[in-house]
Structures are given as structure tokens and as C-alpha cells.
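Undergrad: At the far end of the sequence shown sits residue 228, using our numbering, and the numbering has no gaps.
Hints are all accurate, no fakes.
Pairs of lysine-lysine, DSSO-like flavour, derived with a Cα cap of 27 Å:
1) 51 to 114
2) 114 to 55
3) 44 to 55
If you are wondering where the hints come from, they were derived from the structure by calculation, not from laboratory data.
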Amino acid sequence: MAGGGSTLALPALIFMGLDSGLANGTNRVAILIQNIFAVASFRKLEVHAFKQSLKFTLWALPGAIIGAIVGVTISDAWFQRILGVVMIGTIITILLPQSEKRSEPTEADRKREKWIYPAMFAIGFYGGFIQVSVGFLFMAALYYLMRMNLVYVNMHKVTIVMIYMVPALAIYAFTGNVDWLLGLILGAGSAVGGWWAAHASVKGGEKIIRMALAVAIFIMALKLFEVF
Numbered sequence: 001m002a003g004g005g006s007t008l009a010l011p012a013l014i015f016m017g018l019d020s021g022l023a024n025g026t027n028r029v030a031i032l033i034q035n036i037f038a039v040a041s042f043r044k045l046e047v048h049a050f051k052q053s054l055k056f057t058l059w060a061l062p063g064a065i066i067g068a069i070v071g072v073t074i075s076d077a078w079f080q081r082i083l084g085v086v087m088i089g090t091i092i093t094i095l096l097p098q099s100e101k102r103s104e105p106t107e108a109d110r111k112r113e114k115w116i117y118p119a120m121f122a123i124g125f126y127g128g129f130i131q132v133s134v135g136f137l138f139m140a141a142l143y144y145l146m147r148m149n150l151v152y153v154n155m156h157k158v159t160i161v162m163i164y165m166v167p168a169l170a171i172y173a174f175t176g177n178v179d180w181l182l183g184l185i186l187g188a189g190s191a192v193g194g195w196w197a198a199h200a201s202v203k204g205g206e207k208i209i210r211m212a213l214a215v216a217i218f219i220m221a222l223k224l225f226e227v228f
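The whole structure should be built from the sequences, with the hints applied where relevant.
TA: Put into C-alpha cells, the structure is as follows:
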């Protein structure tokens with residue numbers, strides 16, 4: 001899915017007893033593995049534009065590094081509050097209808113394109129900080145500002161995340177916020193998910209699990225807010 005993996009994995013790690021910083025860092029091992037497999041899958045399907053992906057990444061990268069530094073310093077209580085709010089927002093995003101029909105670009109559309117680079121920096125910061133649903137944000141920015149085909153939007157997204165995740169993960173690891181064993185176990189499942197998501201985005205099979213994902217996220221959000 002575009003951004004649903006971390007929305008399930010991160011709160012699950014917290015519910016297992018990991019503190020927020022350790023859960024946040026451990027989840028990034030799986031994210032890196034997932035996106036490596038997703039990028040490889042897109043390349044196998046001959047869907048790639050590395051130079052353009054790199055241009056976007058150069059703006060997202062400094063934001064991600066700053067975000068990771070914030071992520072390792074924020075308190076558990078504040079992190080969980082922010083995560084709960086983000087998860088509710090994610091449910092709304094998942095359930096909104098999506099259209100793949102695009103009209104011819106207008107002059108106003110071309111003017112909006114200049115905002116893509118500040119958007120990459122801001123989303124990169126968010127990704128380094130909390131990561132949950134960052135895929136939706138990257139896809140929204142690329143889709144609505146650059147008017148890209150959704151398949152290429154997804155391809156750019158996984159490439160950007162794969163590259164900036166390396167220094168972000170290094171920051172979490174350096175500060176002792178990574179459980180490598182749990183991260184690798186989670187990464188094994190994420191690798192399959194990344195491969196499947198790339199194929200699904202090309203073949204159009206992603207919609208079948210939207211509702212189940214939304215329900216699972218809603219339950220976890222309620223748990224984070226200590227409703228039960």
C-alpha cells in the first residue's frame with residue numbers, strides 16, 4: 001500500500017512494549033528493506049526515471065535528516081499523541097475517492113510545479129520524524145503538483161524513501177533506537193509487501209484492502225489514545 005505499512009507496524013511495535021523512539025527506529029529497518037524490494041520490482045517492470053527521482057530526493061534528504069534528529073529527542077507521550085492524530089488523518093485519506101483521470105495541464109498547473117521542491121523538503125522532514133503515511137504525502141505532492149501518472153508517482157515515492165531512509169536509519173541506530181532482530185523480522189514481511197505493492201500499482205489491484213486497512217488503523221488509533 002502507498003503508506004499503510006508503517007501505520008500498522010509502528011503502533012504494533014509500541015503495543016509490544018517498545019518505547020516510541022525504539023519503535024520508530026526499528027520500523028525503519030523494515031521500511032528500508034521494503035523500498036529496496038519495491039524499487040527493484042519497478043525496475044524489473046521497466047518503470048524507472050532515476051535522475052528525476054534523485055532530483056526530488058536531494059530536496060527531501062535534508063528534511064529527513066532534521067526530522068530524524070527531532071524523532072530521537074521527542075518524548076514518548078508527545079510522539080504517541082501525534083501518531084494517533086496522524087493515524088486518524090490516514091483513515092480519511094484512505095477512504096477518499098481517488099481518480100486517475102487527468103486533464104491537459106493548464107498554466108495554473110505549471111505554476112504549481114515550482115512548489116514541488118519545498119514540498120519534498122517538508123515531507124522529508126515528516127518522514128524522518130514519524131514516517132507513518134509519508135507515502136500518501138509524497139504521492140499527493142507528485143500527483144497534484146507534477147500531474148504524474150500514478151504508476152510513476154509510486155515509483156518516485158519508493159525511490160525517494162529508499163534513499164533518505166539510509167541516513168535517517170543511521171541516526172536512529174547511532175542513538176540506540178533500533179532493535180535489529182525485530183526490524184529484520186518485520187523487514188522480511190515488508191519485502192513481500194513492497195514487491196506486491198509495486199506490481200499492484202502497475203496492475204491496479206490495490207483497492208481490495210482499503211477498507212480492512214482503514215478499520216485496523218482506526219482500532220490502533222483508539223488504542224494509542226487509551227480509549228480501551
